[in-house]
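J.: In the order they appear, the protein sequences are chains A and B. Residue numbering for the first sequence follows the numbering used here, beginning at 1 and increasing consecutively. Residue numbering for the second sequence follows the numbering used here, beginning at 110 and increasing consecutively.
You may find that some hints are simply not true.
To be verified - Okay, the calculated bits of chain A under chain B, using three or more residues with CB under 8 Å as the criterion:
(1) 18 to 30
(2) 42 to 49
(3) 59 to 69
(4) 78 to 91
Stated by the list, open to error - The following label-pair restraints were derived from C-beta to C-beta distances:
(5) A:THR53 with B:SER456: 40 to 50 Å
(6) A:ASN88 with B:ALA208: 17 to 27 Å
(7) A:THR53 with B:ASN536: 27 to 37 Å
(8) A:THR53 with B:TRP301: 47 to 57 Å
(9) B:SER350 with A:LEU11: 48 to 58 Å
(10) B:GLU159 with A:GLU91: 21 to 31 Å
Claimed, not checked - Not the full set, but computed from the structure, chain A residues with beta-carbon under 10 Å of chain B:
(11) GLU34
(12) LEU35
(13) LEU37
(14) PHE52
(15) THR53
(16) ALA55
(17) LYS56
(18) SER74
Just so you know, the hints here were simulated from the structure itself, not pulled from any lab data. We put the CB at the ideal spot given by N, CA and C, even for glycine.
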Amino acid sequence: MVERPQQFQRLYEFGAEPLTFSVDGKTLEARPGELLLTAILLHRGHVRDFEFTDAKRAGFCFMGACQDCWVTLSDGSRVRACDTLVENGMEVLTTYERNAALEGQEDVS
Amino acid sequence: MSPSVVVVGAGPAGVRATAAIAGKGVPVTLIDEGARVGGQIYRQPPPGAERPPKDLYGSEAAKAVAVHGCLKEFKGLIDYRPSTLVWNVFKGQLDLKSAGGEEKVPFDRLLIATGAFDRVIPFPGWTLPGVFTLGAAQIALKAQGVAIGRKVVLVGAGPLLPLVASQYLKAGAEVAAVIDVTPFSAKVAGFWQMMSKPDVVLRGLGYLYEIRKHRVPVFYGARNLAVDGSQNVESFSWTSSGGKSHRVDCDAVGASFGLRSETQLADLAGCEFEFDHLLRQWLPIAREGGRTTQETVYVAGDCAGIGGADVAELQGDLVANSILEDLGVSVDKERLTVVEKRLRQYSRFRAGMERAYPFPHHLLDDLPEDLMLCRCEGIKLGHLMEVDAKTSPHDVNRQKAFSRVGLGRCQGRVCGMAAAEILSKFNGSSIESAGRLRGQPPVKPITFTGSSAT
Ligand SMILES: Cc1cc2nc3c(=O)[nH]c(=O)nc-3n(C[C@H](O)[C@H](O)[C@H](O)COP(=O)(O)OP(=O)(O)OC[C@H]3O[C@@H](n4cnc5c(N)ncnc54)[C@H](O)[C@@H]3O)c2cc1C
Ligand code: FES
């Protein structure tokens, strides 16, 4: 299956200089002012692996209500992609929760 | 010492209330999970993503700017806590969580102005990447200057539908279809009551004109909604009220069916609820001036029943007066009478709006058993039916324990109301008897830095 190159489409350009961050080890470009959900979905078709099946998820509500956009940062902290601003050098992992659920090591609920 | 007055929610309701209280010289703490004041409708983009107010808020720009700016003059009296979640209310105390850590804040008076969230009704394919709520579609545009896709289908059962569609078109996005699941005849039926606010009706007609101008097809009374695609959204299909099947190619769908009040904090604060038949949901009982059944707790804005932004501002003002009065501070009675009169006009308008956009019962017909009902835990509709057939009472709160529907991370915000509707339909019982999901702390998952536990 081919990954969709991007889900979101930019309609208004931001003026600021771009920054770089990474998603699952891949370095990507973003603009200051982008939330992680935007920054990720401007480069691919999903935000995270769903824990309980092999499906992918891309958030749903964009307002911190549905909890369907949790990703892990390299320091181990977990954040909602829809209300966390992208930062220069940020390393985002999107498969961590499913792996944790599969290994049964962590309570992911 | 001054009494401790706390307002939760910095949308139009919370902001207006805060300004009115501080305006009388009473200190207020204003707490919001968001980084900037404005709430949903007057949401401000994060630094770096700003655009001029006229671009962001259109005809409502002046109101937005007024709400954003109205706290400035009372700075010294307001303890504003942005990016702070209130995750519990217990015995006159709030539990807060922010990047700085956790804190408990006691209150003498608490105003809950936590707004609303999209009303969701699941349909096949709704968990595919690329399907969002209408609210999400709007936030993407407003706060981030992006569209949810290159070719978007928008689906709804409320005024947000034509609004988001026109905003997308103005911004240059491609909208493949606008699908209103409520019938056109309902708009006609609600028209005269809505004309009690002709300016709002005119604005609504403006949105429809914008959609027409771009030659985007609009459909009414749609049923059997489904998103198709293997890994992402590839097309959207539905049946028209006459029974004809339709399908359009698209890569994103924005779909939700009205709004529902965000009432969990009121529940945790011990407020009693009653079923509101007009809005078809359980709401905290709000007596005169926004007073709840808990003496020290008040509600205003969309969390007390969906009324829209203008009503939220007026209610914020009104409830601030109740709080001041109850604290023994003298209030301007004449001004209060004006506010009350304006609120009455809106209640007629609201009744018309609910007639124009009735609850789309027909979307619950023919839902397949393998439909994913709970997106947090991946629970299918068939599972809820199976569990419900074996146990009673047929109440969502009870079935949550057995089926896990509503037990996931979102605490049933997304699927809870649909689950209640489905149970009531399945059992042929009233929607009230399906009950409501109880709020539980924490109202949203909270992470403790350095640990992966929620
Ligand atoms: C996604 C969405 C889009 C909308 N768009 C429009 C529109 O374009 N036009 C229109 O007329 N109406 C719109 N509405 C309706 C809109 O909600 C109201 O018109 C108006 O914003 C209501 O104001 P409010 O002050 O009651 O609540 P809101 O504006 O919703 O503000 C509530 C605030 O409470 C905060 N909050 C909630 N829970 C907590 C908590 N536990 N801890 C801390 N803070 C909390 C939220 O962060 C939010 O800022 C929209 C609603 C939604 C949900
Ligand atoms: S998209 Fe719903 S919580 Fe982030």
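J.: Hint by hint, say whether it matches the structure.
T.: Hints and how they fare:
With 0 residues having a Cβ less than 8 Å from any Cβ of chain B, the region 18 to 30 of chain A misses the three-residue criterion, and the hint is violated. Chain B is given as covering the region 42 to 49 of chain A, and this holds because 4 residues of the stretch bring a CB closer than 8 Å to a CB of that chain, at least three being needed. Check result for the region 59 to 69 of chain A against chain B: holds, 10 residues qualifying (beta carbon to beta carbon below 8 Å, three or more required). With 4 residues having a beta carbon nearer than 8 Å to a beta carbon of chain B, the region 78 to 91 of chain A meets the requirement of three or more and the stated coverage holds.
A hinted range of 40 to 50 Å holds for the C-beta pair THR53 (chain A) and SER456 (chain B), which are about 46 Å apart. The hint said 17 to 27 Å for the Cβ distance between ASN88 (chain A) and ALA208 (chain B), and at roughly 18 Å that hint holds. The hinted window of 27 to 37 Å between THR53 (chain A) and ASN536 (chain B) holds, with their beta carbons roughly 29 Å apart. The given range of 47 to 57 Å is respected by THR53 (chain A) and TRP301 (chain B), whose C-beta atoms sit roughly 49 Å from each other.
For SER350 (chain B) and LEU11 (chain A), the Cβ-Cβ distance of about 33 Å falls outside the hinted range of 48 to 58 Å, so the restraint is violated. As the Cβ distance of GLU159 (chain B) to GLU91 (chain A) is approximately 27 Å, the hint placing it in 21 to 31 Å holds. Hint status for GLU34 (chain A): holds, given a least beta-carbon distance of 7 Å to chain B, under 10 Å. Annotation: LEU35 (chain A) was flagged as interfacial toward chain B, and the flag holds, the nearest CB pair being 6 Å apart, inside 10 Å.
Because the smallest distance between the Cβ of LEU37 (chain A) and any Cβ of chain B comes to about 8 Å, under 10 Å, the interface hint for this residue holds. The interface hint given for PHE52 (chain A) is met, as the beta carbon of that residue sits about 4 Å from the closest beta carbon of chain B, less than 10 Å. Taking 10 Å as the C-beta contact cut-off toward chain B, the hint placing THR53 (chain A) at the interface holds, the least distance being around 6 Å. With a cut of 10 Å, the hint placing ALA55 (chain A) at the interface with chain B holds, because the nearest CB-to-CB distance is about 7 Å.
Interface restraint check for LYS56 (chain A): the shortest CB-CB distance to chain B comes to about 5 Å, inside 10 Å, so the restraint holds. The interface hint given for SER74 (chain A) is violated, since its Cβ lies 12 Å from the closest Cβ of chain B, which is over the 10 Å cut-off.
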